[in-house]
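4 protein chains.
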Amino acid sequence: MGFKPKNTDYKRKVNDSFNRQKFMGLINAELVDIKPGYCEIQIPFDVNLTQQHGFFHAGIISTIADNAAGYAGFSLMEENSSILTVEFKLNLIAPGEGELLIGRASVLKNGRTLTICRSDVFIVKNGKEKLCAASQSTLIELKNKTDNNTNK
Amino acid sequence: MGFKPKNTDYKRKVNDSFNRQKFMGLINAELVDIKPGYCEIQIPFDVNLTQQHGFFHAGIISTIADNAAGYAGFSLMEENSSILTVEFKLNLIAPGEGELLIGRASVLKNGRTLTICRSDVFIVKNGKEKLCAASQSTLIELKNKTDNNTNK
Amino acid sequence: MGFKPKNTDYKRKVNDSFNRQKFMGLINAELVDIKPGYCEIQIPFDVNLTQQHGFFHAGIISTIADNAAGYAGFSLMEENSSILTVEFKLNLIAPGEGELLIGRASVLKNGRTLTICRSDVFIVKNGKEKLCAASQSTLIELKNKTDNNTNK
Amino acid sequence: MGFKPKNTDYKRKVNDSFNRQKFMGLINAELVDIKPGYCEIQIPFDVNLTQQHGFFHAGIISTIADNAAGYAGFSLMEENSSILTVEFKLNLIAPGEGELLIGRASVLKNGRTLTICRSDVFIVKNGKEKLCAASQSTLIELKNKTDNNTNK
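Protein chains in written order, with the numbering used here: chain C, 1 to 152; chain Y, 1001 to 1152; chain F, 2001 to 2152; chain P, 3001 to 3152.
Just chain C, with the same shape it has in the complex (with noise of 0.2 Å):
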């Protein structure tokens, strides 16, 4: 939607953010793509990310709608901020059955202290992509809060 980020360097800061999420290591998400105010994520199956049914767990479904959010709004902020979910809801829509999760993200709102953003969340099975969730997020920007955990 033709976002400026204010901050050139933006992808350098996102990839080096999502790097010390020790969690993405764990669920094997993988930061795929990310423009001003879009992200995409994703996380191929495996079975220890799954629920009762063998599926993917609503947990790596919400997991990846909010930080495909939260780094697409990262995107558009200042060097010098860092970022935190306010709150997001998100709505369940089809079951996570397939061999691989795509979180898309996209900011609806880059405001000077909140940003909104949607994320629509696939799943694909057999090659095919199908809705498997929808979300809506609220972040806020922290200036000349530092996003990196040795200098917090």
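Among the clues, some could well be false.
Unchecked claim - Calculated lysine-lysine pairs in the DSSO-like style (CA-CA distance at most 30 Å, straight line):
{"no.": "1", "chain 1": "F", "residue 1": "K2145", "chain 2": "Y", "residue 2": "K1109"}
{"no.": "2", "chain 1": "F", "residue 1": "K2109", "chain 2": "C", "residue 2": "K125"}
{"no.": "3", "chain 1": "F", "residue 1": "K2145", "chain 2": "P", "residue 2": "K3125"}
{"no.": "4", "chain 1": "Y", "residue 1": "K1143", "chain 2": "F", "residue 2": "K2145"}
{"no.": "5", "chain 1": "F", "residue 1": "K2128", "chain 2": "C", "residue 2": "K4"}
{"no.": "6", "chain 1": "F", "residue 1": "K2004", "chain 2": "C", "residue 2": "K130"}
{"no.": "7", "chain 1": "F", "residue 1": "K2022", "chain 2": "P", "residue 2": "K3130"}
{"no.": "8", "chain 1": "C", "residue 1": "K4", "chain 2": "P", "residue 2": "K3145"}
{"no.": "9", "chain 1": "C", "residue 1": "K109", "chain 2": "P", "residue 2": "K3143"}
{"no.": "10", "chain 1": "F", "residue 1": "K2145", "chain 2": "F", "residue 2": "K2004"}
{"no.": "11", "chain 1": "Y", "residue 1": "K1145", "chain 2": "F", "residue 2": "K2004"}
{"no.": "12", "chain 1": "Y", "residue 1": "K1022", "chain 2": "C", "residue 2": "K22"}
{"no.": "13", "chain 1": "F", "residue 1": "K2109", "chain 2": "Y", "residue 2": "K1022"}
{"no.": "14", "chain 1": "C", "residue 1": "K109", "chain 2": "F", "residue 2": "K2035"}
{"no.": "15", "chain 1": "C", "residue 1": "K109", "chain 2": "P", "residue 2": "K3109"}
{"no.": "16", "chain 1": "P", "residue 1": "K3143", "chain 2": "C", "residue 2": "K4"}
{"no.": "17", "chain 1": "Y", "residue 1": "K1145", "chain 2": "F", "residue 2": "K2006"}
{"no.": "18", "chain 1": "Y", "residue 1": "K1035", "chain 2": "P", "residue 2": "K3130"}
{"no.": "19", "chain 1": "C", "residue 1": "K35", "chain 2": "F", "residue 2": "K2109"}
{"no.": "20", "chain 1": "F", "residue 1": "K2022", "chain 2": "P", "residue 2": "K3022"}
{"no.": "21", "chain 1": "Y", "residue 1": "K1004", "chain 2": "P", "residue 2": "K3128"}
{"no.": "22", "chain 1": "F", "residue 1": "K2109", "chain 2": "F", "residue 2": "K2004"}
{"no.": "23", "chain 1": "Y", "residue 1": "K1125", "chain 2": "P", "residue 2": "K3004"}
{"no.": "24", "chain 1": "C", "residue 1": "K125", "chain 2": "Y", "residue 2": "K1143"}
{"no.": "25", "chain 1": "Y", "residue 1": "K1125", "chain 2": "P", "residue 2": "K3109"}
{"no.": "26", "chain 1": "Y", "residue 1": "K1130", "chain 2": "P", "residue 2": "K3004"}
{"no.": "27", "chain 1": "P", "residue 1": "K3109", "chain 2": "Y", "residue 2": "K1035"}
{"no.": "28", "chain 1": "P", "residue 1": "K3035", "chain 2": "Y", "residue 2": "K1109"}
{"no.": "29", "chain 1": "Y", "residue 1": "K1006", "chain 2": "F", "residue 2": "K2143"}
{"no.": "30", "chain 1": "Y", "residue 1": "K1004", "chain 2": "F", "residue 2": "K2143"}
To be verified - What follows is a list of derived Cβ distance ranges for each label pair:
{"no.": "31", "chain 1": "Y", "residue 1": "K1143", "chain 2": "F", "residue 2": "N2126", "range": "51 to 59 Å"}
{"no.": "32", "chain 1": "P", "residue 1": "G3025", "chain 2": "Y", "residue 2": "K1035", "range": "41 to 49 Å"}
{"no.": "33", "chain 1": "Y", "residue 1": "N1048", "chain 2": "C", "residue 2": "F3", "range": "28 to 36 Å"}
{"no.": "34", "chain 1": "F", "residue 1": "E2097", "chain 2": "Y", "residue 2": "G1127", "range": "45 to 53 Å"}
To be verified - Here's a subset of chain Y near chain C, in silico, CB distances under 8 Å, partners left out:
{"no.": "35", "residue": "S1017"}
{"no.": "36", "residue": "Q1021"}
{"no.": "37", "residue": "V1047"}
{"no.": "38", "residue": "L1049"}
{"no.": "39", "residue": "T1050"}
{"no.": "40", "residue": "H1057"}
Keep in mind that the hints were calculated from the coordinates and are not lab data. Just so it is clear, CB atoms sit at the ideal spot from N, CA and C, and this is done for glycine as well.
Starting from the known structure of chain C, fit chains Y, F and P onto it as the hints suggest.
Leaving out everything else, chains Y, F and P in the frame of chain C:
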């Protein structure tokens, strides 16, 4: 709030379902308490569950809130029913910085088809509990649909 | 999004229901467009609809978001079905300062029991539209339950 | 929950703001109780506030939930602060069929910038209260921004 379980064997049913969720094993989540319309889950801190600042990841906080709500609702459902989360909304209130995460959920309304729950997530730091997140969920009871994945 | 209505007479059914909502009359809401899975409602500015700063009240913004979602979903339901909003979540994005409020809702998923919609609310000021609020809703179809209050 | 108001004159400030909301007059809403971090609003039944089945419209239920939350939060804010609802989520739990609607909101967390509240809406029918809706809200404090529309 004085709910009467329709299934007197609800504890076994909830425990079985929880134990079939392999994701609970991956994150070392423990089902600590289950009563009619109430559930408590705990997750000890582990560096693999962290976000960029080294605290519990919002995805873990969502997972514990959603799962506690789901099993609080499931405790009131019929023996032959399965359960799905329709949607939930979560506010992140304080950073997940501490040694233990506790999710406690209570049923607000147990309807014929839909059940509404509230979950509170607490972070324990140096033995002291603090409200970390607050959530509200909608669950659906799928009658005559076993929760057991081998017969789904 | 290519939804096919199960009830070819859906326009009449939606209009009848809308016209029975006396609250729509009180606030001068007008059903402007209804298509399968889509609905648009408009409310002209009136000082009686304002909050403390003289702008459209958040309650009016919620009303238009929820009602547009409800009728977008209702357009896809069976002739003998009634509809209820299960829940919705709304982000207020810009002040409701202007001469006209427009709510536009689209169905994301039309399931057997539940329907998920997104609504966008726009404020028109000096003829220019701006995103004012964004919402996500869950609706339930009550089959064989007439929407007509004289036979409820 | 033992909140201390920063502004000892919070009752006057809340009442003034409520009275400037012309929409509250249109729907005959009454501010019944305001304490630090708590607010109760009531709306008597009127046929002009109804949906298609003759019950309180969901828009009215949302309005009372949101406004009670807003003033519960506003009671804790500084003299020179204004307040905006960032977002809220509402579950409709029972039909709004009765003679009086009551919204009661309590602050969960009063942060420096954001305040989180929960609202419960009750419907009174033949003198008996029943839970009608449950809501969770995020509010933002705008410091040094008067709530009075003549000086905005």
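Worksheet item: F/K2128 and C/K4: Cα distance at most 30 Å?
Response: 22 Å, holds
Item to complete: Compare the distance between the alpha carbons of Y/K1125 and P/K3004 with 30 Å, and conclude whether the hinted pair is satisfied.
Response: OK: Y/K1125 and P/K3004 at ~25 Å, within 30 Å.
Discussion item. Hint validation: Y/Q1021 versus chain C, beta carbon distance must be below 8 Å. Holds or violated?
Written reply: Holds - the Cβ of Y/Q1021 comes within 8 Å of chain C, reaching about 5 Å at its closest.
Discussion item. Under 8 Å is the threshold here; is the Cβ of Y/L1049 close enough to any Cβ of chain C for the hint to stand?
Written reply: At about 5 Å, which falls below the 8 Å cut-off, the nearest Cβ of chain C leaves the hint on Y/L1049 intact, so it holds.
Discussion item. Verify the CB-CB distance for P/G3025 and Y/K1035 against the hinted window 41 to 49 Å.
Written reply: Check passed, 46 Å falls within 41 to 49 Å.
Worksheet item: Given the hinted pair P/K3035 and Y/K1109, is their alpha-carbon gap at most 30 Å?
Response: Holds, because 27 Å separates the two Cα atoms, which is no more than 30 Å.
Worksheet item: Regarding the pair Y/K1004 and P/K3128, is the alpha-carbon distance no greater than 30 Å?
Response: 22 Å, holds
Worksheet entry | Proposed proximity, P/K3130 with F/K2022 (alpha carbon, max 30 Å) | This hinted pair holds, its Cα atoms lying about 24 Å apart.
Discussion item. Between the alpha carbons of P/K3109 and Y/K1035, is the straight-line distance 30 Å or under?
Written reply: 27 Å, holds
Item to complete: Sort out whether C/K125 lies within 30 Å of F/K2109, counting only the CA atoms.
Response: Cα-Cα ~18 Å, so holds.
Practice prompt. Measure nothing beyond the straight line between the CA atoms of Y/K1125 and P/K3109; if it is 30 Å or shorter, mark the hint as holding.
Written response: 18 Å, holds
Fill in: Hint consistency between C/K109 and P/K3109 [alpha-carbon to alpha-carbon, up to 30 Å]
25 Å, holds
Of the numbered hints given earlier, the model fails none.
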